[in-house]
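Residue numbers (numbering that gives the first Met the number 0), protein chains in the order written: chain A, 0 to 476; chain B, 0 to 252.
Take these hints with a grain of salt, some might be off.
[To be verified] Reference excerpt, derived from the structure (chain B facing chain A, CB under 10 Å, subset only): (1) Leu26; (2) Ala57; (3) Gln60; (4) Ala61; (5) Ala69; (6) Ser209.
Worth flagging that the hints you see were computed from the coordinates, not collected in a lab.
Glycine included, each C-beta is placed from N, C-alpha and C at the ideal position.
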Amino acid sequence: MAPPDGPRGPGSDGPSDAADLDAPDGLADAVDVDTGEGELERTIGLSGGLAIGIGTMIGAGIFVFPGLAAENAGPAASLSFAIGGVVALLVALPTSELATAMPRSGGGYFFISRGLGTAPGAVVGIGLWLGLVFASAFYLVGLGSYAGQVFLEAGIALPVDPAVPLGVAFGVGLTALSLLGTENTASLQNAIVAVLLVILTLFLSYGGLDALGVFGAERTPERFLPPGGMLPVLRTAALVFTSYLGFAQVATVAGDITEPSRNLPLAMVASVLVVGVFYVVTVLVATSAFGSARLGEFGETAMVEVARAFVGRPGAIAIVVAGLLATFSSANASILSASRAVYAVSRDDLVPEAASRINLRYGTPHVALGLAGGPIVVLAATGRVELLAEVASFLHLVMYGLICVALIRLRRARPDWYAPSFRCPAGFAVAGCGALASVALIAFMRPASIGIGVAVMVAAYGWYRHYATDVELEGRF
Amino acid sequence: MTDTAPPDDPTRTDPDRPAVLVPLAVLEGEPLPTGTPDLLANAHVVLSGYHVIPEQTAAEQARAQFGETAMAKLEAVAGALRDAGATVETRLVFTHDRETTIDRLIYEHDCLAVLVPNGTERVDSVLVALRGTVGVGRNTRLVAGLFAESDVAVTLYHALNDGETIADGEAFLTGVRSDLVERGMDPDDLEVVVEEAEAAVDAIAGRAESHDAVIMGETDPSVTTFVFGMPAEQVAERFLGPVLVVQRERPAE
């Protein structure tokens, strides 16, 4: 490889604050071209990308939802998870194409603001920040439930349900940790994901064989579809879709991923497939161990009871540990993503520049982290798991739908800068179905969630009209 | 001798000048260590400013905020090196991982050596520790390129490997010496030392105390991609002066 040519240094590039966005470097492969203010090293490989995707997602689907989902939809909750997985795949493919055309940090917000213009961009950007805030709060309550389970396993009786207070405490702690700079979070994340996958594979293989009657009396399966037919299944699909929100987080670190044209699509699609399979199997195993109603009574930590039923106390403890790791890594990843979302809109002048200031001492974006961590803690304190999950899903689904629209629009308009190195197969069809499916899923949410989601979008649009009408982002690099 | 190649000149690298990478944590207030301009006066310096950012911060975000400041500081350092006679190229990288970045830059600029940036009062005598014949040509290119035009005293040093006799070691170093003379070094500036040593690292660090700088190779070639071989790092920690770590040839891609 020849050394990059051309002049370097501030004198050679002229004034370079707005100018550097005009440089045609959006398609840089291994390393972004130096624009006179330094280059960027891409340091996240395929395994790192997969760990971000899987690590963000797996916490919810396996360790929080099975009990709630089974209560609503019975064994057919596995179908709900499968539906969610198909919707996620339909969106992941167009997202991959856009991400290879614009391998920049900011993810879905970046694609929509560049592809569709400032107003949808602002709604999605601010919506993404709050969507991640809701998601983080949801994960924190899950984390609190598992931390509370630790007390139960240790035989310590607590006067109140500790899930919410512990979730809030973890929220404060994680935010502080991120502020002070955590080195090696990526390698920690990789290790956590590896440990989780091992525990889950063992547990699900055993549970799966047991459900088939290999280890003892065959269990009588209950009726697959719930009494209400497909409606509860679709409602549950809308509820548990939060379990798939992580794949697009891979795109939010697109600027840091090596060989983006190969690693971005692979990481996104593979992580959806991996977690989707785990979710479906988990629900099947869980509903084979207990009746759906009984699972529902166990709530967020139903999986602990399932493991206890199979292999006794050691199994329960293994799942408590796995649940702690999984919800911890989901919460942590979402808090960081929320702060990156704040940075992305601030870089584009949609919110005041101060929001993206970096603390030189710790190297961390303290204002953005505060804007993420503060509301997360407040929302976690409400403890409304299902509402938090649905609002998070709502705000993400709006973004996913618009990502699909952006793909269709860009493929039609073919601007010069649009040269993706990965092309979504059957692009128009996939993106069309992805957009429709995203909107359709929203329709099955409960009214309160839709109301809050719409209110956030209206507020975001109002902010755009008030603050940022003169910002033009379409096609800007 | 032109001291600064114009930046837009494609033939900016004088082929005789050995390319040396100088890493600098430019935003942490790390100054260019004293003595570095003298040591590298005849080198083509790849001045690599870097800033390590934590993983929760997007690299773009750091560049947007600190890029200009960092570049200005880097240019000031580059000026000092140019004044001493070096040709200089600057690179500035915002990274989550220092090793990856420096490794890539070494490769892209085909650098002969990397400087472990420690300070020294003067550059009068240099210790060159040689392991064996493998890749020794890169050492001689570096030494001759840096010091042929100067009157710096160079000590060639070899700690005996298992099964080697003093005579073997001396024959090896005498060969290196004549190669250096052929490349333009003054024979009077060259000294040869062979000794038996329990631990090569200790011996080199001990010897280094009577010199101003050390040139040595990377660690065992079977261990790949470590920028600073472990022995070189240990020597640098104890010696506290500048160490030039000669890089192995990279396999062509």
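Taking the hints in turn, this is what the structure says about them:
1. Leu26: 7 Å, holds
2. Ala57: 4 Å, holds
3. Gln60: Check passed: Cβ of Gln60 (chain B) comes within 5 Å of chain A, closer than 10 Å.
4. Ala61: Where the cut-off is 10 Å and the nearest Cβ of chain A is about 6 Å from Ala61 (chain B), the hint holds.
5. Ala69: 6 Å, holds
6. Ser209: 38 Å, violated
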